[in-house]
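Residue numbers (our numbering), protein chains in the order written: chain S, 22 to 606; chain D, 2 to 81.
Treat the hints as calculated values from the structure; they're not laboratory data. Glycine included, C-beta positions come from ideal geometry on N, C-alpha and C. Some hints here could point you the wrong way.
Covered stretches of chain S (chain D as the covering partner; in silico rule of three or more C-beta atoms under 8 Å from a C-beta of chain D) [to be verified]:
| no. | region |
| --- | --- |
| 1 | 302 to 309 |
| 2 | 511 to 522 |
Pulled a few chain S residues facing chain D out of the computed Cβ check, cut under 7 Å [claimed, not checked]:
| no. | residue |
| --- | --- |
| 3 | A258 |
| 4 | I259 |
| 5 | G265 |
| 6 | T271 |
| 7 | I273 |
| 8 | L274 |
| 9 | N276 |
| 10 | I277 |
| 11 | E280 |
| 12 | A281 |
| 13 | G282 |
| 14 | A298 |
| 15 | S481 |
| 16 | P587 |
| 17 | H588 |
Some chain D residues close to chain S (C-beta under 10 Å, calculated; not the full set) [what the hints assert, rightly or not]:
| no. | residue |
| --- | --- |
| 18 | K7 |
| 19 | A10 |
| 20 | M11 |
| 21 | Q13 |
| 22 | A22 |
| 23 | Y54 |
| 24 | G57 |
| 25 | P76 |
| 26 | V78 |
| 27 | G79 |
| 28 | G80 |
One letter stands for each residue in the lines below.
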Amino acid sequence: MWILRLNMTDRSYKIEEVPERYKQLGGRAMTSTLIHDEVDPQAHPLGPNNKLVFAPGLLAGTSAPSSGRMSVGGKSPLTGGIKESNVGSEWSAAMARMGLKAVVVEGQPADESFWTVHIAYKEGKPVVEFQQADEYVGQDLYDVYPMLYEKLSNKVQVAAIGTSGELKYANSGIAFNDMHKGPTRYAGRGGLGAVMGSKGLKFLILDAADTPRVEMANPELFREGQKKMREALMEHAITKPQGGLNTYGTAILINILNEAGGLPTRNFRSGRFEGAADIAGEAIFESNKERMGKEIYNHGCSPGCTIQCSNTLYDENCEEIVSCVEYESDWALGANCGIANLDAIGRMIKLCNGYGLDTIETGVTIGVVMDSGMIEFGDEQGTLDLIEQMGKGTPVGRLLGMGAADVAKAFGNPRSPTVKGQAMPAYEPRAVKGIGVTYATTTMGADHTAGYTIAPEILSVGGESDPLQADKAKADLSRGFQSTTALIDSSGHCLFIAFAILDIPSGFEGLIDEINGMLGTNMTQEEAVETGAEVLRLERAFNEKAGFTNADDRLPEFMKYEKLPPHNVVADLSDEVMDSVYGEL
Amino acid sequence: MKVTVKLFAMLQTYAPEGARAGTPFEVEMPENSTIADLIDHLDIPEREVKIAYVDGRARSPQFRLEPGTEVGIFPPVGGG
Ligand code: SF4
Numbered sequence: 022m023w024i025l026r027l028n029m030t031d032r033s034y035k036i037e038e039v040p041e042r043y044k045q046l047g048g049r050a051m052t053s054t055l056i057h058d059e060v061d062p063q064a065h066p067l068g069p070n071n072k073l074v075f076a077p078g079l080l081a082g083t084s085a086p087s088s089g090r091m092s093v094g095g096k097s098p099l100t101g102g103i104k105e106s107n108v109g110s111e112w113s114a115a116m117a118r119m120g121l122k123a124v125v126v127e128g129q130p131a132d133e134s135f136w137t138v139h140i141a142y143k144e145g146k147p148v149v150e151f152q153q154a155d156e157y158v159g160q161d162l163y164d165v166y167p168m169l170y171e172k173l174s175n176k177v178q179v180a181a182i183g184t185s186g187e188l189k190y191a192n193s194g195i196a197f198n199d200m201h202k203g204p205t206r207y208a209g210r211g212g213l214g215a216v217m218g219s220k221g222l223k224f225l226i227l228d229a230a231d232t233p234r235v236e237m238a239n240p241e242l243f244r245e246g247q248k249k250m251r252e253a254l255m256e257h258a259i260t261k262p263q264g265g266l267n268t269y270g271t272a273i274l275i276n277i278l279n280e281a282g283g284l285p286t287r288n289f290r291s292g293r294f295e296g297a298a299d300i301a302g303e304a305i306f307e308s309n310k311e312r313m314g315k316e317i318y319n320h321g322c323s324p325g326c327t328i329q330c331s332n333t334l335y336d337e338n339c340e341e342i343v344s345c346v347e348y349e350s351d352w353a354l355g356a357n358c359g360i361a362n363l364d365a366i367g368r369m370i371k372l373c374n375g376y377g378l379d380t381i382e383t384g385v386t387i388g389v390v391m392d393s394g395m396i397e398f399g400d401e402q403g404t405l406d407l408i409e410q411m412g413k414g415t416p417v418g419r420l421l422g423m424g425a426a427d428v429a430k431a432f433g434n435p436r437s438p439t440v441k442g443q444a445m446p447a448y449e450p451r452a453v454k455g456i457g458v459t460y461a462t463t464t465m466g467a468d469h470t471a472g473y474t475i476a477p478e479i480l481s482v483g484g485e486s487d488p489l490q491a492d493k494a495k496a497d498l499s500r501g502f503q504s505t506t507a508l509i510d511s512s513g514h515c516l517f518i519a520f521a522i523l524d525i526p527s528g529f530e531g532l533i534d535e536i537n538g539m540l541g542t543n544m545t546q547e548e549a550v551e552t553g554a555e556v557l558r559l560e561r562a563f564n565e566k567a568g569f570t571n572a573d574d575r576l577p578e579f580m581k582y583e584k585l586p587p588h589n590v591v592a593d594l595s596d597e598v599m600d601s602v603y604g605e606l
Numbered sequence: 002m003k004v005t006v007k008l009f010a011m012l013q014t015y016a017p018e019g020a021r022a023g024t025p026f027e028v029e030m031p032e033n034s035t036i037a038d039l040i041d042h043l044d045i046p047e048r049e050v051k052i053a054y055v056d057g058r059a060r061s062p063q064f065r066l067e068p069g070t071e072v073g074i075f076p077p078v079g080g081g
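Here chain S stands alone, though its shape is the one from the complex (with noise of 0.2 Å):
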């Protein structure tokens, strides 16, 4: 296995054998090690001496189901510190079959050049190239990506940035290929499109034909742990085909976190939507019956997985608005703003997709602008111009890409639902406790992928928790949480596995089958999951050296005063049980 570096200040590279200490990592173990190793904290995340570490998952290229998954690490522009962003395409298994364990991007051009860099398999090596893309510069990714596909064979991989990565924005993530060759499937969160964009990197190409498999210590362990992954995906109400995410995908959850009072609404004013019904997974799947005269299930974002949540909006002549419709981008443009017109969303989604915007730190950042009295709640059509704003550069549209954090600095509003610079995901913190201390102690700035407490708080699923209980019990949940997460993004496989394995121990015991197979180890569950918590001491070190201390894992100052509707309760978790979250790590 290779680490593949690229210099993009010379436009040379190198490859090298995976180091000994790094055989046993993949997905974020690998990028967050990396950039722990090499990267100095203090670095301005747009310098030169910044990284960006493309890894795919320990499993990526097997056939554990709902593997495709892979982790993409630098410091990030919009936090100051660490950060992983998770994709899944196909890019993660391409990845792996050429013996790619990472890309590490490094350098910076000395003028404001653009690259394609293009990666091909040759005699048992990638072999490298790089050719000028300032064509390409300026343009939406829809447009781009076919022109792309047309010049090169059907069969690449592309990862790409958009205008919001190019112009450097600290909302902007990097674009990987969907299984239709479109710019769909984003490493969104964290502004690691403005890395990319400030090493002069516009594409990063795989052409992984004529690769062979990927290779593994103990082919029989894998065999075991892969069924009973596969059982448990098969098995669980949740997972399996024409289950709750394949029917309804993610957005799914906006009913459900509506009714618990836990649905962040225009601008974390309140935690109930009265159009909730209207944006809701079951709206989506309705819609699309009614118009296209049928059923219609989701798809997978990469081969292989069982789940398949990935959805499709459809308008009134049947013509595709969006692929994929998530719980997230849908509650940031639609809840989060006072939207409630499914149509409208898809149409921001797809602005957002083609500039490279992250959807939730752009919905976030629009219901600030509307808190603070911009334009109003609800306004589609407003939405609509400020995210073309945001797309074309505009001095507005630069302004709000800076993020929600510092556009609340920007109109002197306290109301900034963002914690290390990183604006909220869709789950009120005052109403869902330990979702509220994984937001505020997380390495990587407000994240509910982090430490998915929702699980056992409000879906009843791998136990059940008080939502509303403030107590520090909620540390311990978080913790637990962060740290099986970790262990599942290093992992590759998709976080939604977590919904089985949590309830079917024989799914959990998959998992770890599954990587002791791979990588010839004898890992107990327990140790498996203490890997998980070492790359969090890693992460959390990094952050401790770039200035972070504990009085940044703080939920915003306004949530501990303003009493949020239906529950009326405030953000009361004391600090020794935040700090107690890394302290007892």
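Please build the complex by placing chain D with the ligand on the supplied structure of chain S, with the hints as guidance.
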């Protein structure tokens, strides 16, 4: 007594014809009925129900309903 019900996701099939998921409808129940009685009354197999919400709180099947109570009933759901 009358109680109000909202059914979500797959459970929508047990709602009156044409109702969209989450649209409230009224049901006549005997006094002192519980959530379990209501689920039974709606002919929803017990194993299909995961959570019931009343006034923003998840409630057990033994929870006693009062006139006008609004109950939201969910099958297993998950996402992110
Ligand atoms: S469950 Fe959804 S997000 Fe996860 S791998 Fe499958 S399609 Fe992708």
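Practice task
Could you tell me which of the numbered hints above are not met by this structure, giving the numbers in increasing order?
Solution key: none
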